[in-house]
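Each chain, written out:
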Amino acid sequence: MSLALIVMLPFLGALLPGLMMRSGRNACAITTGSVTFLAFSLLLTHAPAVLRGEVIQVSWQWLPALGLNVSFFLDGLGLLFAGLILGIGLLIITYSRFYLSKADSMGAFYTYLLLFQGAMVGIVLSDNILLLLVFWELTSLSSFLLIGFWRHLPEGRQGARMALAVTGGGGLFLIAGMLLLGHAAGSYELSVILERRELIQASPLYLPALLLILGGCFAKSAQFPFHFWLPHAMAAPTPVSAYLHSATMVKAGIFLMARLWPVLAGTEAWTWLVASAGLVTMILGAWIALFKDDLKGLLAYSTVSHLGLVTLLLGLGSPMAAVAAVFHIINHATFKAALFLIAGIVDHEVGTRDVKRLGGLLMLMPITATLGMVAAASMAGMPFLNGFLSKEMMLEQAWHHGWLAPGGWLTPLLATLGAVFSVAYSFRFIVHVFFGPQRDDYPAKPHDPPAGLWLPPALLVALVVLIGLFPETFAGDLVRTASAAAMGAVAPEFHLSIWHGVTPALGMSVVAVAVGLLLLWRYPGVRGLWARGPHPEAKVMFDGVIAALVRFSRALVLNLHNGSLQRYLAILVGAAVALGFAAYLGADGAARAPGGRETLAAGPVVVVAWLLLMVSTLMTVIMHRDRFVALILIGVVGVIVSIGFVYLSAPDLALTQIAVEVGTVILILLALYFLPKVTPVESGLGRCVRDGALAVLGGVGVGVLSWAVMTRDFSSISTYYLEHAKPLGGGANVVNVILVDFRGFDTFGEIIVLGIAALAIFALLEGALHGRLAPRLRNWTPDYAHAADRHPMMMVVATRVMLPLALMVGVYIFLRGHNMPGGGFIAGLVVAIALIMQYMASGFGWAEKRMPVDYHAMIGGGVLVAAATGIGAMVLDYPFLTSAFDYFSLPIVGKFELTSAMPFDIGVFLTVVGAVMLALAQLSKMGQRLNQHAVNTQPMDYNPSADRQADATREN
Amino acid sequence: MLFLLELLISLLIVLGGFFVLVGSIGLIKLGDLMPRLHAPTKATTLGLGGMLIGSMLFFLGVEGKLSIHEVLISLFLFITAPVSAHFMAKAWLHLNAKHRPKLPPTGSNRGWSTYDASHAPEPGWPTSDDPDRPAQ
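Protein chains in written order, with this note's numbering: chain A, 7 to 962; chain B, 87 to 222.
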C-alpha cells in the first residue's frame, strides 16, 4: 500500500501549492516540501528491507483484459532512482523558494514540479510496463509545462515544444516497443518479463522491440542523434534544469535501459547500438560543451556527454560495467545537480551566465566558488571526489572490453578522448568563471546568496566529497543492491575504493587530465580551430523538419479535407468502391458467380413498388434543386421502403421506418422554411460526371454484393437470436430483445448519440438565435406569403381529436414491444409526432404554456433511466445491463410479464421524445423570433362558435 | 344467401374501384388545382370507403368475425383528407394572389380567413361598427 502512496503523494500534493499560495511563498514552499518529504520518508522506511535484498510488491487489477494492472515494486534500482528523485526534489523545492522572483507564479511552479515528481516516481516503481508508459508520457507532459514555465520567453516556449516533440515522439516509439516486448514475453509485468530472457531474445520480435525501446530511451536521455533538445530545454528556470536535466528526467531513459538490461542486453545488436550511441554522444557532447559560452549550455552538453558515458557502460554488457553505470548515475546526479544550482546562483547574483562576461568571482562569492570548484573537479574526475571513482571504473571497463574487438585499442582511445574534453570543459568552468581578474562590468554586484540558495548545493557537494573519500561506506551497499537489481543477478564481487594500484585506467586518467589542461591552456587556439569547423545547428534543422512536416500535412489535409462535403463523400465512396471491386475482381470464378439459392418470384405488386422506387429515386436526382419536391420524393422513397419491410416480414423495421420518415419530413419542412427553396448550381460538369460515375459504380457494387449474398445459403448470427430471444431475454419480439437486451449496450450508446445530436441541433440553432447570425435572421424576409390564419380551425380540431388516440397508440406500441412489433423507440417517435401536431396546430408558444416540459432534462433523464437500469444489474452483482424477467399475475389483468428491460425502454422512449421535441422547439423559436408574433392566447384564430357568441352578445 | 352477400361485396369493391379510377383520371384531366383537388379528396375517399365496407362485410359474413380495422382506416381518411385538401387550397390561394379580387364575398363581416387576419375585417368591407353593414 505504502508503495502506491509514495507514487500518489506527489499527485495528491499537487493540489496544495495553488491553495497554499494564498498564505504566502513560505507556506507554499513548506507545504510542497512536506509532501515530498513525506514520500521520501515512506521510501526510506522500505530502504533497510530493500538493501537486504528483498523486493517489495503491491498489485491491483485495473484492466486485466488489456494486461494493464496497477502494480508497483521496489528493488535496489527503484530505490536508488526514487531516492534521487525525491531527495534531490526536496533540495530543489528549497532552492526554488529563493530562486523564483515575486513575479513568478510559485503555486503553478510547485504544482508542475510535484506532477513531474509523481510521474517520475511512477516510472521507477512501476511493475507493469503499460503503467510505466502512462507515467512516461506524464513526465513528457509535465516537463513541457516546466520547461515552458516562463511562457513570456520565446526560447522557453520553443524549447518546451522541442522537448515535447522529441521526448513525446520517443514515447510513441517506446509504446510500440513495450507492446512488442510484452507480446514476446507473454506478460506485461516487469517482474515476469525480467525472468524470460531466453524467450525474448529468441523471439523474432526482439530486434524491432529493441530498436523501438532504444529509440524511446535515447530520445528521453538525449542520446545522439536525439541529443539536441536538451540544450534548448535550458530556457527553463534553473531549478528545473537542475532537477529534470541532470538528476531525473534525462535519467529515465538510462533507468529503462538498466531496468531491461537483464532481458535486452548481451546480444550483438544491443552492444553495437547502445555502446556506439553512448560513445558518440559522450565525445560529441563533451566537445561541444568545451565551446559553450552559456553556463547552462555548457552544463547541458556536459550532461549529454555523461549520459552517453552511462549508456556506453550499459552497452558494454558486462556486469562490472553495469556496476560502474549505476555508480556513475549516483555521482553524476550529485555533482551535476549541484553545478546547475551553482550556475543558477551565478546567474541570479551576477545577472548573467555568459562565460565571456564572467571571471574573477572567487573573492566576490567565496562560498559559491568553493562549492562550484569542488563539484566541477568531480565532473572532471579529479581524485578524492566521487566523479573520479566512476570515471576510473569506466576507463577500466573500456580498456578491458575494447568493444570493436576485445582488447582493441579504439574504445579505450575514444573513452580517453571523452575524458580529455571532460577535464577541459570542467576546468574551463572553474577558471573562466571564478579565476582571472575581477571585472568592473558585471550586470549586478556579485555577492554570495542567502543560505537558502547555497545550502542545497552544499549538501550535494558534501555528498560528492564523502562518497569520493569513503565510497564503500556511503554508497557501497546502494550500488551493490541497485546493480544487482539491474543485472537481475548477484552483483560481482567488488570493493569501491580510491586506490586500485597502478592500472591502465589510472594512466588513461593522467593522460586525460594532462591533455585536458593543455587544451585549456591553449584555449584561444583550440577555439579558433573549432570555429573553422562546421557547426550544424540542430534547432535550425529541427525547425526545418517540423516546417516541412507541417507543409506536408497541410498539403495532404487541405487537399483531402477542404470543407467540401462532396469531396469527402467522393473520397469515402471512391475508396469503398475501389476496395470492393479489387476484392471482387481478385476473387476466383466460383466466388464471383451468383449462388445457387432459389430466388423468389416477383409478383406484380412487387414490380410496381420496385418501379415506383426506381422512378422516385431518379426523379429525386433530376429534381433535387427544387428542395420541396425533392423532400416529397424522398418521402415517397421512404414509404415504399417501409412497405418493402412489411412485405419482407419485418414489421418492426416498417414501423420504425414510417415513424422516422414522418418525423424527418416534418422537421426538414420546418427547417426549409428558413432556407432557400432552390439549390443553386454549384458543381461543374466534371464534378457531376465524377460523382455520377462513383454513384453508379457504388450502386452496382452494392447490388452485385447483395445479389451474391442473397443467392447463397449462409448461416448468420440471427439464428442464435431467434433461438435464444425467448428463453434468455423473455421476449418473443426478437428485434426488441436484441435492442434492449442482447445488444443493450449498443442501444445505450445510440440513445446517448441521439441526445448529443439533439443538443448539437439546439446549439447550432442557438447560434442563429443569439449568435453572430442573429442580425441576419432578424433582417430576413420570408420568401413566401403567410396565411393570415396561422392556426386554422380544421387543423386544431383534427389534432385535438387525434391526440388521445395517438398517445394511446404510443403506449400500446410501447407495452407490446417486448413480444410483438413495437418498443420504446417507435413509441417515442409516435408520441413525438402526436405532440408535434399539437404544436403545429395551435403554435409552439401556446402549446408550450400548456405542456411546460424541459426537453433537455427529458433527454438527460432518459439516458439516466437507461443507465440506472444497467447499474441496477451491477448492484445485484451481474454485469452491466443484464436483464431479468418474470411472470406475475393480478386479478382482472391476468398473467403478465415484467422485465427489467422495460425501464430501459422507458429511457429510450424519453430520449427519443426529448430529442425530436428539442429540435422542433428550437426551430419554432426561430420562427417566432422571425415573425415577431405575440404568442396567441386562443387555440385557433377563427373560432366560429366563439365568434357566434360574441356576435350574439353584441347584438343584444 | 352467401351468393347475395358475395354479390354485394363484389359490387362495393367494383364501385370503389370505379371511383378510385375516376379520381385518378380526374387528377390527370382537370386543369387547375382547385378543380383538381376534388378528384382525389372526394372521389378517392368515396372509392376507398366502398372497398372498406366491402372488406368489412367480407370478414363479417364470410369469415365470421367483426373487423374494425376498416372503421379506423375510414376514420383516419375522413380526418386527414379534408385537412390536407384545406391546406392545399390555402397554399394555392397564396401562391396565386391574383385570384384574390375574383373571390366572392364571404357573406359575413369577416373576410377570407387565410387572407385577412381573423378579427380584422376585409378592406372594403364595412367594419362591425359601421351602421351600413349588410344584414346577416
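Among these hints, one or two may not hold up.
[What the hints assert, rightly or not] Calculated pairs, SDA-like style, for lysine to any residue (alpha carbon to alpha carbon, straight line, at most 25 Å):
(1) 176/B x 792/A
(2) 188/B x 168/B
(3) 128/B x 808/A
(4) 115/B x 793/A
(5) 108/A x 27/A
(6) 451/A x 797/A
(7) 151/B x 815/A
(8) 545/A x 793/A
(9) 683/A x 104/B
(10) 184/B x 199/B
(11) 176/B x 879/A
(12) 683/A x 115/B
(13) 184/B x 158/A
(14) 184/B x 795/A
(15) 188/B x 795/A
(16) 176/B x 795/A
(17) 683/A x 625/A
(18) 184/B x 794/A
(19) 176/B x 952/A
(20) 176/B x 108/A
(21) 115/B x 104/B
(22) 683/A x 170/B
(23) 128/B x 807/A
(24) 931/A x 625/A
(25) 683/A x 797/A
(26) 683/A x 936/A
(27) 732/A x 877/A
(28) 451/A x 472/A
(29) 176/B x 793/A
[Claimed, not checked] Not close to chain A: a few residues of chain B, all C-beta gaps over 12 Å, as computed:
(30) 93
(31) 132
(32) 151
(33) 156
(34) 160
(35) 179
(36) 181
Treat the hints as calculated values from the structure; they're not laboratory data.
Note that the structure is a prediction, hence the values are computed from the model and not measured.
Glycine is no exception: its CB is placed at the ideal position from the N, C-alpha and C atoms.
Do the hints match the structure? See the list:
1. 176/B x 792/A: 10 Å, holds
2. 188/B x 168/B: The given pair, whose Cα atoms are some 24 Å apart, holds under the 25 Å limit.
3. 128/B x 808/A: At roughly 22 Å apart (the allowed maximum being 25 Å), residue 808/A and residue 128/B satisfy the hint.
4. 115/B x 793/A: 29 Å, violated
5. 108/A x 27/A: 12 Å, holds
6. 451/A x 797/A: 87 Å, violated
7. 151/B x 815/A: Holds, at roughly 23 Å.
8. 545/A x 793/A: 70 Å, violated
9. 683/A x 104/B: Given pair residue 683/A, residue 104/B is violated - Cα atoms ~38 Å apart, limit 25 Å.
10. 184/B x 199/B: With Cα atoms ~17 Å apart, residue 184/B and residue 199/B stay inside 25 Å; holds.
11. 176/B x 879/A: Between residue 176/B and residue 879/A the Cα gap is close to 56 Å, so the pair fails against 25 Å, i.e. violated.
12. 683/A x 115/B: Cα-Cα ~29 Å, so violated.
13. 184/B x 158/A: Status violated; Cα separation ~71 Å.
14. 184/B x 795/A: With a Cα-Cα distance of about 19 Å, the restraint between residue 184/B and residue 795/A holds, given a limit of 25 Å.
15. 188/B x 795/A: Satisfied, since the Cα-Cα distance of roughly 20 Å is no more than 25 Å.
16. 176/B x 795/A: Judged against 25 Å, a Cα distance of about 10 Å means the pair holds.
17. 683/A x 625/A: With Cα atoms ~17 Å apart, residue 683/A and residue 625/A stay inside 25 Å; holds.
18. 184/B x 794/A: The hint holds at about 17 Å.
19. 176/B x 952/A: Satisfied, since the Cα-Cα distance of roughly 23 Å is no more than 25 Å.
20. 176/B x 108/A: The hint is violated at about 76 Å.
21. 115/B x 104/B: 16 Å, holds
22. 683/A x 170/B: 21 Å, holds
23. 128/B x 807/A: Within the cut-off at roughly 22 Å; holds.
24. 931/A x 625/A: 34 Å, violated
25. 683/A x 797/A: Measuring from Cα to Cα gives roughly 23 Å; hence the hint holds.
26. 683/A x 936/A: OK: residue 683/A and residue 936/A at ~17 Å, within 25 Å.
27. 732/A x 877/A: At roughly 23 Å apart (the allowed maximum being 25 Å), residue 877/A and residue 732/A satisfy the hint.
28. 451/A x 472/A: Given pair residue 451/A, residue 472/A is violated - Cα atoms ~33 Å apart, limit 25 Å.
29. 176/B x 793/A: 8 Å, holds
30. 93: 26 Å, holds
31. 132: With a cut-off of 12 Å, residue 132/B remains clear of chain A, as the shortest Cβ separation is near 20 Å.
32. 151: Per Cβ check, residue 151/B is outside 12 Å of chain A; nearest 19 Å; holds.
33. 156: Residue 156/B clear of chain A: closest Cβ-Cβ about 16 Å, beyond 12 Å.
34. 160: 14 Å, holds
35. 179: 8 Å, violated
36. 181: 8 Å, violated
Checked against the numbered hints given earlier, this structure breaks hints 4, 6, 8, 9, 11, 12, 13, 20, 24, 28, 35 and 36; the rest are met.
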